[in-house]
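Please put together the full structure from these sequences, using the hints given.
If you read the protein sequences in the order shown, they are chains G and Z. Going by numbering that gives the first Met the number 0, the first residue of the first sequence is number 0, and it counts up by one from there. Going by numbering that gives the first Met the number 0, the first residue of the second sequence is number 0, and it counts up by one from there.
Keep in mind the hints are simulated off the structure, nothing from the lab. Even glycine gets a Cβ: it sits at the ideal position worked out from N, Cα and C. Errors might be hidden in some of the hints.
Said to hold, decoys possible - With the C-beta cut set under 10 Å, the calculated list includes, among others, these residues of chain Z facing chain G:
id, residue
1, Pro32
2, Pro45
3, Phe255
To be verified - For lysine to any residue, the following SDA-like pairs were computed, each having C-alpha atoms within a straight-line distance of at most 25 Å:
id, chain 1, residue 1, chain 2, residue 2
4, G, Lys442, Z, Asp52
5, G, Lys195, Z, Gly86
6, G, Lys506, Z, Leu163
7, G, Lys442, G, Leu159
8, G, Lys361, G, Gln387
9, G, Lys506, G, Gln202
10, G, Lys181, Z, Ser169
11, G, Lys442, G, Thr155
12, G, Lys195, Z, Glu95
13, G, Lys195, Z, Arg81
14, G, Lys181, Z, Ser88
15, G, Lys120, G, Trp208
16, G, Lys442, G, Glu462
17, G, Lys195, Z, Glu38
18, G, Lys195, Z, Phe90
19, G, Lys195, Z, His174
20, G, Lys195, Z, Val101
21, G, Lys195, Z, Gly80
22, G, Lys195, Z, Leu102
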Amino acid sequence: MIPCAIVLLAALSSACSERDPRPGDPDVVPGTPVPVEQQILRVGVGADRYLTELPSRPDLGKYPLNAGVFDTLVRMDERFQLEPMLAERWTYDRSTNTYRFMLRREVRFHDGVELTADDVKYTFDLIISSYPHNYEELGTESVRVADRYTVEVTPTNTNLRLVEQIAHPIWGINRQGSNPLKPVGTGPFRFSDYEKNTRFIVQRFDAYWAPTRLARARMLTFWFVSDQQARVLAAQGGQLDLVSDVPPPSVPVLERPDSPVQIIRSDIGSFDALNFNIHGREPFTFGSDPAVREAVGLAIDRTTVVQTAWGTTAEPSTTWIPPAVLGEHASRITAPAFSPDGARRVLDSAGWRVGPDGIRQKNGRRLSLAYSVTFPPSEHRTAPELIQRHLKEVGIETRIELMSDAGVSGARRRGGEYDIVHLTGSQNEPYPCFLPDLQYYSKSMAAPTRWTAPGGATDRAIEACRGAADIAEARRHSADAIHQLVDVEHILIPIAGLRRIWAAGRKVRGFVAHPSDTNQRWEAVHLVR
Amino acid sequence: MLYLVRRSAALIVVLVGVSTISFALGVLAPGDPAELWLERALGRPPSDSQIQDQRLLMGLDRPLVAQYLTWLNGLRMGELGRSWGTGRSVFTELSEALPHTVLLAVATLTASIGVAIPLGVAAAARPGSLIDHGSRAAAVLGTSLPTFLLGYILMLLFGVQLRLLPVFGSGSASHLVLPTMTLGFGLAGMFTRVIRSNVLASLGEEYILAARARGVPTRLVLYRHALRASLIPFITIAGLSLGHLLSGAVIVEWIFSWPGLGKLGVDAIHNRDYPLIQGWVLFMSAVFAVSSLGADLAYRWLDPRVRLAKDGRA
Numbered sequence: 000m001i002p003c004a005i006v007l008l009a010a011l012s013s014a015c016s017e018r019d020p021r022p023g024d025p026d027v028v029p030g031t032p033v034p035v036e037q038q039i040l041r042v043g044v045g046a047d048r049y050l051t052e053l054p055s056r057p058d059l060g061k062y063p064l065n066a067g068v069f070d071t072l073v074r075m076d077e078r079f080q081l082e083p084m085l086a087e088r089w090t091y092d093r094s095t096n097t098y099r100f101m102l103r104r105e106v107r108f109h110d111g112v113e114l115t116a117d118d119v120k121y122t123f124d125l126i127i128s129s130y131p132h133n134y135e136e137l138g139t140e141s142v143r144v145a146d147r148y149t150v151e152v153t154p155t156n157t158n159l160r161l162v163e164q165i166a167h168p169i170w171g172i173n174r175q176g177s178n179p180l181k182p183v184g185t186g187p188f189r190f191s192d193y194e195k196n197t198r199f200i201v202q203r204f205d206a207y208w209a210p211t212r213l214a215r216a217r218m219l220t221f222w223f224v225s226d227q228q229a230r231v232l233a234a235q236g237g238q239l240d241l242v243s244d245v246p247p248p249s250v251p252v253l254e255r256p257d258s259p260v261q262i263i264r265s266d267i268g269s270f271d272a273l274n275f276n277i278h279g280r281e282p283f284t285f286g287s288d289p290a291v292r293e294a295v296g297l298a299i300d301r302t303t304v305v306q307t308a309w310g311t312t313a314e315p316s317t318t319w320i321p322p323a324v325l326g327e328h329a330s331r332i333t334a335p336a337f338s339p340d341g342a343r344r345v346l347d348s349a350g351w352r353v354g355p356d357g358i359r360q361k362n363g364r365r366l367s368l369a370y371s372v373t374f375p376p377s378e379h380r381t382a383p384e385l386i387q388r389h390l391k392e393v394g395i396e397t398r399i400e401l402m403s404d405a406g407v408s409g410a411r412r413r414g415g416e417y418d419i420v421h422l423t424g425s426q427n428e429p430y431p432c433f434l435p436d437l438q439y440y441s442k443s444m445a446a447p448t449r450w451t452a453p454g455g456a457t458d459r460a461i462e463a464c465r466g467a468a469d470i471a472e473a474r475r476h477s478a479d480a481i482h483q484l485v486d487v488e489h490i491l492i493p494i495a496g497l498r499r500i501w502a503a504g505r506k507v508r509g510f511v512a513h514p515s516d517t518n519q520r521w522e523a524v525h526l527v528r
Numbered sequence: 000m001l002y003l004v005r006r007s008a009a010l011i012v013v014l015v016g017v018s019t020i021s022f023a024l025g026v027l028a029p030g031d032p033a034e035l036w037l038e039r040a041l042g043r044p045p046s047d048s049q050i051q052d053q054r055l056l057m058g059l060d061r062p063l064v065a066q067y068l069t070w071l072n073g074l075r076m077g078e079l080g081r082s083w084g085t086g087r088s089v090f091t092e093l094s095e096a097l098p099h100t101v102l103l104a105v106a107t108l109t110a111s112i113g114v115a116i117p118l119g120v121a122a123a124a125r126p127g128s129l130i131d132h133g134s135r136a137a138a139v140l141g142t143s144l145p146t147f148l149l150g151y152i153l154m155l156l157f158g159v160q161l162r163l164l165p166v167f168g169s170g171s172a173s174h175l176v177l178p179t180m181t182l183g184f185g186l187a188g189m190f191t192r193v194i195r196s197n198v199l200a201s202l203g204e205e206y207i208l209a210a211r212a213r214g215v216p217t218r219l220v221l222y223r224h225a226l227r228a229s230l231i232p233f234i235t236i237a238g239l240s241l242g243h244l245l246s247g248a249v250i251v252e253w254i255f256s257w258p259g260l261g262k263l264g265v266d267a268i269h270n271r272d273y274p275l276i277q278g279w280v281l282f283m284s285a286v287f288a289v290s291s292l293g294a295d296l297a298y299r300w301l302d303p304r305v306r307l308a309k310d311g312r313a
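Right under this line is the structure:
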């Protein structure tokens, strides 16, 4: 009885606070933007991942939410290309290993003060000191103010990829001396309010430096809703206008003509791939056998896997990283085509004979791989099971270990306790070698790399990529590195290229989903009648 | 008095045991909290040297016993440590989340009792009737349906189809409705059955026959005489159901983004935030143990027969 009463009361209050005009109103023209004062959008995003325990860290409003409070010197557009933002142009002097960034004039912070080179130095110094190990090629003495509108950056070692690296939103420019917990930037939205684990609110900044990019929404409220399904239901129920990371199985239902929401897909920006442990210790030594690696690549029908697990939200991948990052060089990577017979031949030649139960053996050892799956949402359970089936067809047994816990999966990867690991990740920088460098450079500091990095030609390609004079050349070297990993060494088996999937109310317009996890823009999004 | 002292001493032993187990589980679980913290902070896998530095900062390089004793010593002074996720005091985190959970628990208990009493009495008054079978079916459904599934069903019905209620968040009465219904459905079913069987038993008592013989109206017989006598065992069950509310709240708060203790606990587990997990487990255990003690004491106070029996005077 009491719940019924509460439902009725809630219904009444909900009806009273109805925001949209009535369809019968004579001045309502469908499809026209709603008045400015009603341009208030509610965006549902995942759990709040801001770390506010270090008050000096200028993160709030930047990655991972990227709420439009800050601009970077350069940004990565939806095609993974660099775009000048607060830096109008830049030069690099190889003899002194120094970058000169010429800043845009007449850019105002949200408090009305003009952006100068001092703010850039302040922000860079703060980031470098807040992440002492992350940017070891930069020190606080690396950044120098040349004049009011010019900043010079001299890395401690030669770094030709600096401009691509500072496109990451973490390098958004803070107002000098501002409180990081009440962030002041130059972005199209100014900070309004933040409630930990609940919401982050921004309002349009009318004095934004790019008039063509003035925000169309008056206010955006980002709600942290951890549960994916709850986010989608909130969008369907009209409680949210836009929600991130829609689970792929929900997409067909949400795309029906009578659905109250529309699905918005980004280009390919993330990957799903298998990764061999090639330097494992007993019993995780199968990955050191090139025949096993090659056979696994040949045995997987990635088209079936992708269609079944992700439907229309992904594409079979050959390039591992988004093809747009590699440009014309993407075709250099072919990836093994599905060929169970080819896989059988490779294993036969390597002495792996089919045992009585159909699983191959060699010197009394069963070909049984420890197959570790990290962070498995629902679709990542389907994909491993299909892959398991495909591998069994050619006599390879897999023991799937679903690592629903980041601690467990991190420990396994660090300790090399797997034969194959199933990983996902995102291309979050325009630096073409961002992912090969992060995961396969043998001199990398990252602990899991010691089990996966082959060294040799891959390292040389990554080093050439780092030293490339321009981004086009870097793309070529990145393609070389990935070709080595995928086609030559068979250490890496690309499975799917993933899109970011958003659901938006039918009255939401102007939203362009960025394929990366980092560079989403919000200024064009608005509501129509 | 002796009983209270005995139970309080047992409570302290339980809490020390819980604290030891929760500390042990936290540190024995696979995964390095320093690595997890760094991976979250940096957005990429950390290096060995970074992990070592972070372990030093977090005090994870010290022997387990030393870590545990430090934690216990802090506990003695009312300090539960600082959350690794937010840097704030664990006590502050818990105390900020507590009112939300209390609100949800009170609303759920009130709604469940409010539904269970009339239904249970009506079912007892007419055994085998439609209302009796209906309440039995609802009770079975309520206790067997997984909480998260019921939550999604209610979201779909009231949030999406009818668009009557918000499906996440807090801050208004309407936000409270769906979590309350989700959490209270099973509880109301169980309460209904308990009240039904207690009232039914009471209806066979002689004092009920006497009341009826005096011409007391049926409604008064049911509510004033039979129900009142049935409420004593019900109070114990309602007290013990606090455990059900707290454990159910973990799922409900998560799916409805309700900022209470349940969501706080899940977030802490996801982030491997050991100080917060330890504080949370200890706090939840304390709430559960104290509520059980409270229910026992209330039962003894309401029913002198129990008091006498336990004191060996029956």
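Hints and how they fare:
The beta carbon of proline 32 of chain Z comes within 7 Å of a beta carbon in chain G, closer than 10 Å, and the hint placing it at the interface holds. Because the closest C-beta pair between proline 45 of chain Z and chain G is about 7 Å apart, less than 10 Å, the hint holds. The interface hint given for phenylalanine 255 of chain Z is met, as the beta carbon of that residue sits about 7 Å from the closest beta carbon of chain G, less than 10 Å. Our distance criterion of 25 Å between C-alpha atoms is met by lysine 442 of chain G and aspartate 52 of chain Z, whose separation comes to about 20 Å.
Between lysine 195 of chain G and glycine 86 of chain Z the CA atoms are separated by roughly 12 Å; this keeps the pair inside 25 Å, and the hint holds. Between the alpha carbons of lysine 506 of chain G and leucine 163 of chain Z the distance comes to roughly 20 Å, so the proposed pair stays at or under 25 Å and holds. Pair hint lysine 442 of chain G plus leucine 159 of chain G holds up; C-alpha atoms about 18 Å apart against a cutoff of 25 Å. Distance check on the hinted pair: lysine 361 of chain G and glutamine 387 of chain G sit about 20 Å apart at the alpha-carbon level, within 25 Å; holds.
Of the pairs offered as hints, the one joining lysine 506 of chain G and glutamine 202 of chain G holds, with about 20 Å between alpha carbons and a cut-off of 25 Å not exceeded. Between lysine 181 of chain G and serine 169 of chain Z the alpha-carbon distance is near 23 Å, which keeps this suggested pair within the 25 Å criterion. Of the pairs offered as hints, the one joining lysine 442 of chain G and threonine 155 of chain G holds, with about 18 Å between alpha carbons and a cut-off of 25 Å not exceeded. Distance restraint check for lysine 195 of chain G and glutamate 95 of chain Z: the Cα-Cα separation of roughly 11 Å lies within the 25 Å cut-off, and the hinted pair is therefore satisfied.
Restraint check for lysine 195 of chain G and arginine 81 of chain Z: the C-alpha separation of about 16 Å stays at or below 25 Å, so the hint holds. A C-alpha spacing of about 21 Å is found between lysine 181 of chain G and serine 88 of chain Z, which places the hinted pair at or below 25 Å, so the restraint holds. The straight-line distance between the Cα atoms of lysine 120 of chain G and tryptophan 208 of chain G is roughly 20 Å, inside the 25 Å bound, and the hint therefore holds. Restraint check: the Cα-Cα separation between lysine 442 of chain G and glutamate 462 of chain G comes to about 10 Å, which is no more than 25 Å; the hinted pair holds.
For the suggested pair lysine 195 of chain G and glutamate 38 of chain Z, the alpha carbons sit about 20 Å apart, so the restraint of at most 25 Å is met. For a cut-off of 25 Å, the pair hint linking lysine 195 of chain G to phenylalanine 90 of chain Z stands: about 16 Å separates their Cα positions. With a C-alpha separation of about 18 Å, the suggested pairing of lysine 195 of chain G with histidine 174 of chain Z holds against the 25 Å cut-off. Our distance criterion of 25 Å between C-alpha atoms is met by lysine 195 of chain G and valine 101 of chain Z, whose separation comes to about 20 Å.
Between lysine 195 of chain G and glycine 80 of chain Z, the direct Cα distance comes to roughly 19 Å. Compliance with the 25 Å bound is thereby established for this hinted pair. With a CA separation close to 20 Å, the supplied pair lysine 195 of chain G and leucine 102 of chain Z stays within the 25 Å bound.
Checked against the numbered hints given earlier, this structure breaks none of them.
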